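Enquirer: The primary structure of each chain is shown beneath.
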Amino acid sequence: MTQFALPPELEQLSHEATRFAAAELAPGARASERAGAWPPAVLAVVEKLGLRELDLPESLGGAGAGALAKVVLLEALAAGDAGGLPAADPAGTCVGALLACPDRALAERVARACLAGEARAALAVADAEPAGPTAVYWAPARPPLRFVFESRGDGLRLYQLERPLEPVRALAFQASGGGSASLEGARQLGEWRLSTQESVDVRGRARLWCAAVALGVAQAAFDATIAYATDRVVFGKPVAHHQGNAFELAVAAANLHGARLLARDAAASFDRGEPDAGFWATQAWLAAVDAGVAVTDLGVQLLGGHGFLVDHPAEKRFREVRMLALLAGGRDLADADLAARVLEVPDPLFAGAGATS
Amino acid sequence: MIPLDARTREQLDEVRELGRTYMRPMGLESDRTGEPPPADHPFYLICSRRGGLVSRVVGEGEGDGPTWKPLRALLTAEESAYWDRGVALSLPGPGLGGAALRSLATPEQRERFLAPFADHSRAHWGAMAMTEPGAGSDVARIQTRAKQDGADWVLSGAKMFCSNGARADWVVVWATLDPALGRAGHRAFVVPRGTPGFELLKIEHKMGSRGYETASFALDGVRVPAANLLGGAAAYAGRAGFRGAMATFNLTRPLHAAQGIGMGRAAHDHALEFVRAHYPSHGARRRKALERLAEIRRGLATARLICLHAVWLARQNRDNVLESSYAKLFAPPVVFRAIAAALDVVGEAGVRSDAHLEKLYRDVKILDIGEGTQQVQRLVIARQLFGFPRGD
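Those protein sequences? They're chains L and P, same order as listed. Following this note's numbering, the numbering of the first sequence begins with 1 at its first residue and continues without gaps. Following this note's numbering, the numbering of the second sequence begins with 358 at its first residue and continues without gaps.
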């Protein structure tokens, strides 16, 4: 029963990243947002912390540190500033596709291009029903988007893009830049059929990326809300000491705590090679964005009018979590994945029954 | 996947077997009659003879210190409530009174009051009486008075919501020297059954969770020796005594929450069987039902992790006041919604009592009330996280 203790190296990673996020990322968040990029010095530290390579296996040129390490790092960085994270992680949401891609040489080519910072890969989660060419609605502007994995039902395709993205303004993550692309006319490099479980793993890893970032943003929002709401006095006492507000904050804290445990458990499940990790990662993403949307909403609400102003980070976090709740195919496709697997996935308590443990 | 050792698996298998054979049918019978199973029901004797199971199931652990097995207690609480939460609460053992004993009693008192539980020739119960008609979650408001009279103490007042109280060998009764003293005035006494003036008023009739007795008592000049003051007078210097008693509930709150997870699982499994039987192929209703099942699974899995985490902290001797309250705040509403969602999967068929789901819906509500309501948990969390003032 040791799954709650992070190994010492991850504690260390979390500690370092948290310190860096507070000291370097958070103070410059608005400037990065205006500039449309994190400063080069910040990107250098983030790279040194292992963001790009952490959860890619060594066979693809990565560090092979696993999904839990990645989740811990993303949470810590996102608490400082999530804005530039998508840009700084060129294969971030494609790790599942790279792991599942049956053409290992092709997977390695994509992974190495991403690791070198020369190209970006995106995962486009499409409805299982054919409905015209798939679109990448939003991808960070840098490095250039060259590869798109299309995950449609149990099918996985890899496309190469030649044209640059069409620049778009997005709800959040301005520090990553952003643009759209259509796969129409893109060169198909490969097409494979996966099992449903493998497909849910592909999408589940992408959702776990979003969940980790959402948890970091939400925790920062919660901490900032508490700081403000215990300082600002209304009707004779701090905002947080009015029972109506205190109760909402308590519930938000419990939900956030639960979502974090679920996300880390799903990450550890990937690292243990368990068959239902993608199912639980999808569950964790839903829990994280539900908790995160509620926390960041409260973060704006309890600041009152201030919360609506860009003078405070509350509105930025509010937008970021909402956007994370729309990525990786969105909620309805996540529900569809869960519905497709729920009858086969055993209760984790009984999953090991009959094992020698 | 939750890695479990062989002994824990064996124990869960044992609870499962007893649950299927005895606890579920007994729970259904109690629900029909409105009466808890009689104290001489053969199942209780089986539990006593197997030794230990009983105390494990109600989360009393297996003694003190390093031999205490919080994880196993948590999982058995969940598994037993899966079969019937009411009957699980009725299992023989020292109950919450045992928890109070462990945190406050002198070694001599532990020996004296826990010794009967080593007798496996018949079932034995202990109980605790804290709640009063006018003091529930706000335990500091209890009015039952304790007055010293020579070498004895005399207790007067009224208690209610005392689980297994009428069949207990003894009841740990909380009383106050003077209500104006607040918590500092609280004292706990062990009152043996049959003590003159300790009068059972009634066994309550409840909406659900009918498998255990919920007793109300009057205390009319109940005289107990000073030797029955839990911990002796020294234990109450300062606020440590009351804090000790409350610390006990840091361990029992996750157990309470875990019972909910078991009930949520039971509802899930009913709905699952219904889906398999009635919506065997593709269709809008099957798809909707599967999404509901997935959402139930999400809530239960999260609740279980919160409970396990709270107990894991305790096992490492780390403070878990906050995390225990997270467990107790999070699980009951999630389980309530899970059971409601399972009912929605079944639809109109769910109104029938033989579908069992409507019973779970009635049974589960008390989980959000006992051991500190959802509202009290929010207060505890608010105090812990941002200094929400007491007395507000």
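FYI, nobody ran anything at the bench for these hints, they're computed from the structure. The model shown is predicted, which means the values in this text are computed figures rather than measured ones. A few of these clues could be false.
[As the list claims (entries may be wrong)] Pairwise CB distance ranges, derived in the manner of DEER restraints:
hint	chain 1	residue 1	chain 2	residue 2	range
1	L	Q243	P	R364	57 to 65 Å
2	L	D332	P	D676	50 to 58 Å
3	P	A537	L	P8	35 to 43 Å
[Stated by the list, open to error] Listed below are the simulated SDA-like cross-link pairs for lysine to any residue, each with C-alpha atoms no more than 25 Å apart in a straight line:
hint	chain 1	residue 1	chain 2	residue 2
4	P	K645	L	F247
5	P	K645	L	V293
6	P	K645	L	K237
7	P	K504	P	Y379
8	P	K645	L	S32
9	P	K722	L	A170
10	P	K722	P	Y379
11	L	K237	P	R502
12	P	K559	P	E652
13	L	K237	P	A706
14	P	K722	L	F247
15	P	K645	L	D154
16	P	K559	P	A396
We treat Cβ as the ideally placed atom computed from N, Cα and C, and that holds for glycine.
Enquirer: Run every hint past the structure and note whether it holds.
Expert: Verification of the supplied hints:
At about 45 Å, the beta-carbon gap between L/Q243 and P/R364 misses the expected band of 57 to 65 Å. With their beta carbons about 42 Å apart, L/D332 and P/D676 fall outside the hinted range of 50 to 58 Å. A beta carbon spacing of about 52 Å between P/A537 and L/P8 contradicts the range 35 to 43 Å that was offered as a hint. Annotation: proposed proximity of P/K645 to L/F247 is violated, straight-line Cα distance about 32 Å (limit 25 Å).
The straight-line distance between the Cα atoms of P/K645 and L/V293 is roughly 24 Å, inside the 25 Å bound, and the hint therefore holds. Between the alpha carbons of P/K645 and L/K237 the distance comes to roughly 46 Å, so the proposed pair goes past 25 Å and is violated. Proximity of P/K504 to P/Y379 is assessed by CA-CA distance (about 44 Å); at most 25 Å being required, the pair is judged violated. Between the alpha carbons of P/K645 and L/S32 the distance comes to roughly 43 Å, so the proposed pair goes past 25 Å and is violated.
Restraint check: the Cα-Cα separation between P/K722 and L/A170 comes to about 44 Å, which exceeds 25 Å; the hinted pair is violated. A C-alpha spacing of about 23 Å is found between P/K722 and P/Y379, which places the hinted pair at or below 25 Å, so the restraint holds. For the proposed pair L/K237 and P/R502, the alpha carbon gap of about 36 Å is over 25 Å, so the pair is violated. Restraint check: the Cα-Cα separation between P/K559 and P/E652 comes to about 41 Å, which exceeds 25 Å; the hinted pair is violated.
For the proposed pair L/K237 and P/A706, the alpha carbon gap of about 51 Å is over 25 Å, so the pair is violated. Taking the CA atoms of P/K722 and L/F247, the gap is about 20 Å. The hint holds against a cut of 25 Å. For the suggested pair P/K645 and L/D154, the alpha carbons sit about 21 Å apart, so the restraint of at most 25 Å is met. Our distance criterion of 25 Å between C-alpha atoms is met by P/K559 and P/A396, whose separation comes to about 16 Å.
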